[in-house]
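S.K.: Work out the full structure, taking the sequences as your base and the hints as a guide.
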Amino acid sequence: MTPTEISKLSDEELITLVVKNHPHAISHIVDRYKGMVFTLSFRILKNQLDAEEAAQDSFVKAFHAIKTFRFDCKFSTWLYRICYNNAISKARVYKPVQVDVDSKFDLPVNTPNALDSLSAKDRARYLNKAMETLESEESALLTLYYMDGESIGDISAITNLTESNVKVKLHRGRKKLYSQLNVLLKEEVSMLL
Amino acid sequence: MNQDINNIDKENDGLQDEWLTKNLNFTQIAPPLDFTQKVMEQIEVKPNPLSDSPIFWILAAIPGVIILWLALYSIGSLNISYLDFVPKVTNMISIYALSKYLLMITFCGLFFIGMDYFISKRLSHRESFFSSLMI
Numbered sequence: 026m027t028p029t030e031i032s033k034l035s036d037e038e039l040i041t042l043v044v045k046n047h048p049h050a051i052s053h054i055v056d057r058y059k060g061m062v063f064t065l066s067f068r069i070l071k072n073q074l075d076a077e078e079a080a081q082d083s084f085v086k087a088f089h090a091i092k093t094f095r096f097d098c099k100f101s102t103w104l105y106r107i108c109y110n111n112a113i114s115k116a117r118v119y120k121p122v123q124v125d126v127d128s129k130f131d132l133p134v135n136t137p138n139a140l141d142s143l144s145a146k147d148r149a150r151y152l153n154k155a156m157e158t159l160e161s162e163e164s165a166l167l168t169l170y171y172m173d174g175e176s177i178g179d180i181s182a183i184t185n186l187t188e189s190n191v192k193v194k195l196h197r198g199r200k201k202l203y204s205q206l207n208v209l210l211k212e213e214v215s216m217l218l
Numbered sequence: 040m041n042q043d044i045n046n047i048d049k050e051n052d053g054l055q056d057e058w059l060t061k062n063l064n065f066t067q068i069a070p071p072l073d074f075t076q077k078v079m080e081q082i083e084v085k086p087n088p089l090s091d092s093p094i095f096w097i098l099a100a101i102p103g104v105i106i107l108w109l110a111l112y113s114i115g116s117l118n119i120s121y122l123d124f125v126p127k128v129t130n131m132i133s134i135y136a137l138s139k140y141l142l143m144i145t146f147c148g149l150f151f152i153g154m155d156y157f158i159s160k161r162l163s164h165r166e167s168f169f170s171s172l173m174i
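Line by line, the protein sequences are chains G and C. Numbering-wise, the first sequence is residues 26 to 218 according to the numbering used here. Numbering-wise, the second sequence is residues 40 to 174 according to the numbering used here.
These are calculated hints, taken from the structure and not from any lab test. Hints should not be assumed to be uniformly reliable.
What the simulated footprint calls covered on chain G by chain C, stretch by stretch (three residues with Cβ under 8 Å from a Cβ of chain C suffice, anywhere in the stretch; the number is not a length) [as the list claims (entries may be wrong)]: (1) 45-52; (2) 101-113.
Facing chain C, from chain G, some residues (calculated, C-beta under 8 Å) [to be verified]: (3) THR29; (4) VAL55; (5) ASP56; (6) LYS59; (7) GLY60; (8) PHE63; (9) PHE67; (10) GLU77; (11) ALA80; (12) PHE94; (13) ARG95; (14) PHE96; (15) ALA149; (16) LEU152; (17) ASN153; (18) MET156.
Pairs of lysine-lysine residues, derived as DSS-like cross-links and limited to a Cα-Cα distance of at most 25 Å, are as follows [to be verified]: (19) G:LYS45 <-> G:LYS92; (20) G:LYS45 <-> G:LYS33; (21) C:LYS61 <-> G:LYS99; (22) C:LYS77 <-> G:LYS92; (23) G:LYS86 <-> C:LYS77; (24) G:LYS71 <-> G:LYS115; (25) G:LYS154 <-> G:LYS211; (26) G:LYS71 <-> G:LYS154; (27) G:LYS33 <-> G:LYS92; (28) C:LYS61 <-> G:LYS154; (29) G:LYS71 <-> G:LYS45; (30) C:LYS77 <-> G:LYS71; (31) G:LYS154 <-> G:LYS92; (32) C:LYS139 <-> C:LYS127; (33) G:LYS33 <-> G:LYS99; (34) C:LYS61 <-> G:LYS146; (35) G:LYS115 <-> C:LYS77; (36) G:LYS115 <-> G:LYS86; (37) G:LYS211 <-> C:LYS61; (38) G:LYS146 <-> G:LYS45; (39) G:LYS146 <-> G:LYS211; (40) G:LYS71 <-> G:LYS200.
For each residue, glycine too, the CB sits at the ideal point set by N, CA and C.
M.R.: Okay, here's the thing in structure tokens:
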């Protein structure tokens, strides 16, 4: 099977090949999920080097345990659960720095509109900065929910939190993100308005 | 956009789901270019590094020779007529002599390997000292 043919396979078909130790199948799975796994690790650990190490560990752990994957959930959910647990346990050791934004709530600025007037690159920069100030868990939940489109049920399975807890943390995360964007954009917005 | 969108309580938090979905996608961080290669290196089953080393062959040869001698001794003790040369071989080399010579070879081998290791540590190109002498 050629690499082009392999790239067209579904996750289930790729995993069947991975179990048979097909080297191209393994690298395709890594290529398919490395962006999200790395971003999720980075959101939790807030450090590029630690995130890279954690993301690599997650893939290695996943491939060593691939025979235990029973196709009872999406492969992405199973992989993100390994990644989330791995990054959270590393974060307990490294204790990522976070900024307290609770005291800066309710600034009267229309943040999304102000951000829309910036280029996509600048917008991503501000959002990244704001995401870094959130708690690891909230940042990871927002990433899973908005970036990867995981359902509340899947996020609950990934993080081992109850569905209502996921909803509360997502709500709190959004609120903090909004508040932090306000703080970061205060000067930019006043110039633009 | 996430189909589960109505599931979270989001009144008056100032952000819109569509806006978040669209813009948070810009914040995906790309891993380093050699990320896949590094993962593959960790997953691939590497051969035992000792298998390239003379220590491996010494360690493998010693039990091999002893097992061969024990096998010959067992066959010899069965007194099979057409294999009557086997006890002669085992009587010629006693287990005591065999162990003595094997230990001698082992210690000589380990001595030279150790010496080569310490000398080659001082070489800038980190090659084996004896192999560099041969070249």
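S.K.: Determine for every hint whether it applies to the structure shown.
M.R.: The hints, checked one at a time:
no. : hint                  : verdict
1   : 45-52                 : holds (count 3)
2   : 101-113               : violated (count 0)
3   : THR29                 : 17 Å, violated
4   : VAL55                 : 5 Å, holds
5   : ASP56                 : 6 Å, holds
6   : LYS59                 : 5 Å, holds
7   : GLY60                 : 5 Å, holds
8   : PHE63                 : 4 Å, holds
9   : PHE67                 : 5 Å, holds
10  : GLU77                 : 6 Å, holds
11  : ALA80                 : 6 Å, holds
12  : PHE94                 : 15 Å, violated
13  : ARG95                 : 21 Å, violated
14  : PHE96                 : 21 Å, violated
15  : ALA149                : 4 Å, holds
16  : LEU152                : 5 Å, holds
17  : ASN153                : 5 Å, holds
18  : MET156                : 6 Å, holds
19  : G:LYS45 <-> G:LYS92   : 10 Å, holds
20  : G:LYS45 <-> G:LYS33   : 18 Å, holds
21  : C:LYS61 <-> G:LYS99   : 23 Å, holds
22  : C:LYS77 <-> G:LYS92   : 22 Å, holds
23  : G:LYS86 <-> C:LYS77   : 14 Å, holds
24  : G:LYS71 <-> G:LYS115  : 11 Å, holds
25  : G:LYS154 <-> G:LYS211 : 14 Å, holds
26  : G:LYS71 <-> G:LYS154  : 10 Å, holds
27  : G:LYS33 <-> G:LYS92   : 22 Å, holds
28  : C:LYS61 <-> G:LYS154  : 17 Å, holds
29  : G:LYS71 <-> G:LYS45   : 36 Å, violated
30  : C:LYS77 <-> G:LYS71   : 21 Å, holds
31  : G:LYS154 <-> G:LYS92  : 39 Å, violated
32  : C:LYS139 <-> C:LYS127 : 19 Å, holds
33  : G:LYS33 <-> G:LYS99   : 17 Å, holds
34  : C:LYS61 <-> G:LYS146  : 13 Å, holds
35  : G:LYS115 <-> C:LYS77  : 20 Å, holds
36  : G:LYS115 <-> G:LYS86  : 14 Å, holds
37  : G:LYS211 <-> C:LYS61  : 22 Å, holds
38  : G:LYS146 <-> G:LYS45  : 42 Å, violated
39  : G:LYS146 <-> G:LYS211 : 18 Å, holds
40  : G:LYS71 <-> G:LYS200  : 20 Å, holds
In this structure, the earlier hints numbered 2, 3, 12, 13, 14, 29, 31, 38 are contradicted, and the remaining ones agree with it.
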